[in-house]
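4 protein chains.
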Amino acid sequence: MEAPVFIEGLPGIGQVGKLVAEYMIEEIGAELVAEIHSVYFPPQVLVDEQGIARLLDNEVYLFRGETNLLFLVGDAQSASGEGHYRMAGTYLDIAERFAVRRLYTLGGYGVGHFVDDPQVFAAVNREELKQEVQDAGGSFSSEGGMGIVGTSGLLLGMGKSRGMEGICLMGETSGYLVDPLSAKKLLSVLCRLLHIEVDPTRLSDRAREMEQFVQGLKEESEREYERRKSSEDLVYIG
Amino acid sequence: MEAPVFIEGLPGIGQVGKLVAEYMIEEIGAELVAEIHSVYFPPQVLVDEQGIARLLDNEVYLFRGETNLLFLVGDAQSASGEGHYRMAGTYLDIAERFAVRRLYTLGGYGVGHFVDDPQVFAAVNREELKQEVQDAGGSFSSEGGMGIVGTSGLLLGMGKSRGMEGICLMGETSGYLVDPLSAKKLLSVLCRLLHIEVDPTRLSDRAREMEQFVQGLKEESEREYERRKSSEDLVYIG
Amino acid sequence: MEAPVFIEGLPGIGQVGKLVAEYMIEEIGAELVAEIHSVYFPPQVLVDEQGIARLLDNEVYLFRGETNLLFLVGDAQSASGEGHYRMAGTYLDIAERFAVRRLYTLGGYGVGHFVDDPQVFAAVNREELKQEVQDAGGSFSSEGGMGIVGTSGLLLGMGKSRGMEGICLMGETSGYLVDPLSAKKLLSVLCRLLHIEVDPTRLSDRAREMEQFVQGLKEESEREYERRKSSEDLVYIG
Amino acid sequence: MEAPVFIEGLPGIGQVGKLVAEYMIEEIGAELVAEIHSVYFPPQVLVDEQGIARLLDNEVYLFRGETNLLFLVGDAQSASGEGHYRMAGTYLDIAERFAVRRLYTLGGYGVGHFVDDPQVFAAVNREELKQEVQDAGGSFSSEGGMGIVGTSGLLLGMGKSRGMEGICLMGETSGYLVDPLSAKKLLSVLCRLLHIEVDPTRLSDRAREMEQFVQGLKEESEREYERRKSSEDLVYIG
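Residue numbers (the working numbering), protein chains in the order written: chain A, 105 to 342; chain B, 105 to 342; chain C, 105 to 342; chain D, 105 to 342.
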C-alpha cells in the first residue's frame, strides 16, 4: 500500500477540524482501523440517545484510493499538558506504522465575532510547503509569535523530528458555535491540496441550517428587546 | 462460588449510590473482603466522634446468598482525572478475580430542584440490557450526549472491554442534600433487577426525617421573611 | 539504641507544629541526621538575609536521652495530593529504619478568631491511646467527620498499617498569624506525654511579643478610625 | 577544553535573563550544541511571521574563548512544579557533561513600578562568592525569607549538591514590560564577573526605543485625559 496522508480532526474551536475530518470519512467511506483510549482523556463516559454508554474514544480510519488517507478523529483531546505531548507521540507512532510522510492537522481559528466569508489560515513545519498551501487557497497570517495549542500544533512540531511534513489548516470562526460554514471552506482548501474531490452538499446544508439558527437567535433577541421596551413604555405611561 | 454481581456505590451527587450500597450491606449482612487506599484519594484522614483517625478507604464486601453480591463502597473517588481511570482499572481487576460478569454502578442524577417522586434513570453498556432495566422500573433519558463522570461511568466503559455487562442506575435528586428518598427508589429498582428483597424500612425512616428537615428549613425561612417584613413595616410607620 | 519516638512539626496552620518541634530541637540540642528534598515540594529556593540560596528542605533530627526523640521539621509540605501520600510514605520509611513505634504529629487547629486560652485538640489512630492523651491535657472534639489534611493526618493513617501508634496534637489558633502562645500550650501537653521537661521561657517571650504586636495593630486601627472620624467631622462642620 | 561557565537565561520577569543571555550569544557568536524538548513544557507550537511552526525549545550554546561559556536559553520554563525540578536536573546533567563548576542564573526582580536606574540583586549558593559579586556591582538585599521561583533558583540549590558554585543575578524591573535597560545593567555586572567584554550598544538602543515607547504611552494617556476633561467641560457648559 502507498503510504497514506494523515489527517487529524479532533475536537477544538468551532469543532471545525472535527467537522471536516468526520465529514470526509462519511462521504468517501473510510474504514475503522484503531480505537484509542487514554488515562489522559477526561474521566467520563458518553451516553447516546439510546442510553448506551461508551468510553471517550479517538479513532483512526483508513481510506484506500488514488491517494490513501489515514484519519484521526474522536471525542477528546488530553486534559493535561503532559498528556497532550504523550498522546501526540502515540498518534505519530500510529502514523509511522503506516509510513506516513505528510500530516494535515485541522482546526478553527477563533476571532471572537461572526464571519461571513471565513478564511483558511495555515502554518507549516517546513518552508517549502508554503507555496503549495497558498496555491490551494490557504493564507499565512503575517502576525508572528502566534501559538497553536494542543494536538494540531504538537503533531506539526513533533512530526518534523520524525521526518514528516506537516500542514495545519485553521478555518476562521467566531469560536462561539459549531461552524459548518468554516468547515466547508477548510474542506475545499484541503481537497485542492489532496487532489481529491469530496461533495460538500451536506456540509453546505448544515451551514445553511446553522445560519438560519443564528438568524433566528438574532430576531428573537430583537423581538424580546422590543417587547421589553413597549412594556416599559406602558409602565411609564401608567 | 457462583460469580457475584458487582455493585458500586461510591460518594457522589446526593450520596444516592453510597446510601443504597451501604444500606444493602448492612441489611443483608455482607462481609468485608478488601480495603483500598490510594495516592489518588484526597490527602487526608477522617476523624470520628471518638477522635480516632483513619485513612480514606474504599472497601469491598462480599455477600453469599442465592445471588452472590460484591459491593464497592467507601469514602472517596479519585482527586485527578488520571487517578479516576487508574482506580477504575483497579476495581475491575478485583471484579475479575471474582469472575464478575455483571456490574451495577449506582449514583445520583442532579436536576437542581427538589423532586417529590424521583425517577431512576439508567445507562447500559450493551443494548440488550435495556429491556430488563425498563421492566424493573428504570428510565432511559431521550437526551443524547449526556456524560457520566467518574467511577460509575468508567466502570461501564472499561468493563465492556473486559467482557462485563454494565448497568448504571441514577436516582433523580436535587443535588443539594443527601437524598434517602431517591436512594429508596433506586433500591427498589435494583432489587427487582437482582431478584432479591431488601427491607427498605430504615431507608424510608431516613427519607421521612430528611423530608421533615427540609420542611423545617422552608418554614424557618418563611418565618424569617415575615419577621423582616413586619419590622420594616414598623420602621416605615415610625 | 532504644527506639525513638517520632515527632513531626512541618509548616501548617499558625505554624504551631513547626514552632513546637523546632523549639524542642534547639532547647534540648538534637542532631541533624537526614535532609529531604523532593520534586513534590514547591519549585523554589529560599534566600536568607545573607543572600545565600538553598533548596526547600525537610530535616530529621535525633535526640538521644532518657527518651530518644526523632524530629521531622522543615520548609515544606507537598504541593500535590499524590505528593502528600508519597512523602508520608518516605517519612515512615525513615521512621522504620529507626524502629519507631510511636508517632506524634503536631499542628494547628484554625478557628477563625483570636483565642486567649487555646486548647490542645487531639486525634489518635488507636482507641487505647485516648486516656493517656486526656490525662496529659489534650481534648477530643465531639464533632465527628472532621478531617486532618496533609502530613499530620497521613502519618497517623499510614503509620497504623505499619504498626505504629499515632497521636496528632493540634493547638487551637486563629489561623491568621504565627501563634507561639498556642505552641506553648501544645508543648506542655506534649512534654507531659513524653515525660520530659523543656523550658518554655523563650516560647513565652515570643508569645508575649506576638501579643504586643497584635495589641499594637488593634490600637493603630482604633487611632486611624478616630483620625478619620474627626477629619470627617471637620469636613461636615466646614 | 577548559570547563565552561554555565549561564542560564530562560523566560521570566521582564524577560531580563533571556535578553542578556540571548544578546551575549549573538554578540560573541556562540554555537548551538543541544536542543531540549519536554513534556513539561506548555503543549503548543510557536508560529513565526513566515507561518513556520516549531515546538517550544530550549537551547544550549557553547562559546569557546579565553573563558568558555555554556548558555541555556529558550522558549519555556516548565508548566508544573514537578517538571521544574526534573528539568533543572536535566540542565545540570548537561552542565556535568561539560564539567561545569560555576553557574550563573539570570532573571528579573519585579518591583511593581518603573525604575530609572535599576539595581542588580544577587543570591549565591556559597557564602565565599559574595565578595566577588559585590565587587562586580551586584547587591544583596537585606530582606530575608525571599524566594526565587523556577529554574534560576533550582539550579543554584540543586547545583550545590553537585559541587557547583552558583550565582543568581536579578535585574530590578517593573515586571510590566520587557526591560532592556535592566538587562543592560545586568550584562555589565555579569561581564565584570566573567572578565570579558561585550559591546552593549544594541541593547542600549533597544532600551532607548523602549523608553520612548513608554514615554509615548504616558503622553497618549495624558492627551486622552485632557480630551475627556474638555469634552466633559463642554457638556457641562452646554
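Everything labelled a hint here was simulated from the structure, so no lab data went into it. The beta carbon of each residue, even a glycine, is placed where N, CA and C say it ideally should be. Don't take each hint at face value.
As the list claims (entries may be wrong) - Beta-carbon label-pair distances, calculated as ranges:
#1 B:280 x C:146: 32 to 38 Å
#2 C:197 x D:265: 19 to 25 Å
#3 D:221 x A:197: 54 to 60 Å
#4 C:247 x A:334: 20 to 26 Å
#5 C:200 x B:282: 21 to 27 Å
#6 A:334 x C:146: 58 to 64 Å
#7 C:330 x D:218: 51 to 57 Å
Is it true that residue 280 of chain B and residue 146 of chain C lie within 32 to 38 Å of each other by Cβ?
36 Å, holds
Holds or violated: 19 to 25 Å for the Cβ distance of residue 197 of chain C and residue 265 of chain D?
20 Å, holds
Starting from the range 21 to 27 Å, see whether the pair residue 200 of chain C and residue 282 of chain B falls in it by beta-carbon distance.
40 Å, violated
Note whether the CB distance of residue 247 of chain C and residue 334 of chain A lies within 20 to 26 Å or breaks it.
Violated: the Cβ-Cβ distance is about 58 Å, outside 20 to 26 Å.
Do residue 221 of chain D and residue 197 of chain A keep their Cβ atoms within the hinted range of 54 to 60 Å?
Hint holds: Cβ distance 55 Å, inside 54 to 60 Å.
Can you let me know if the beta-carbon spacing of residue 330 of chain C and residue 218 of chain D is within 51 to 57 Å?
37 Å, violated
For the hint 58 to 64 Å, verify it against the beta carbon of residue 334 of chain A and that of residue 146 of chain C.
60 Å, holds
Hint violations for this structure: numbers 4, 5, 7, all remaining hints satisfied.
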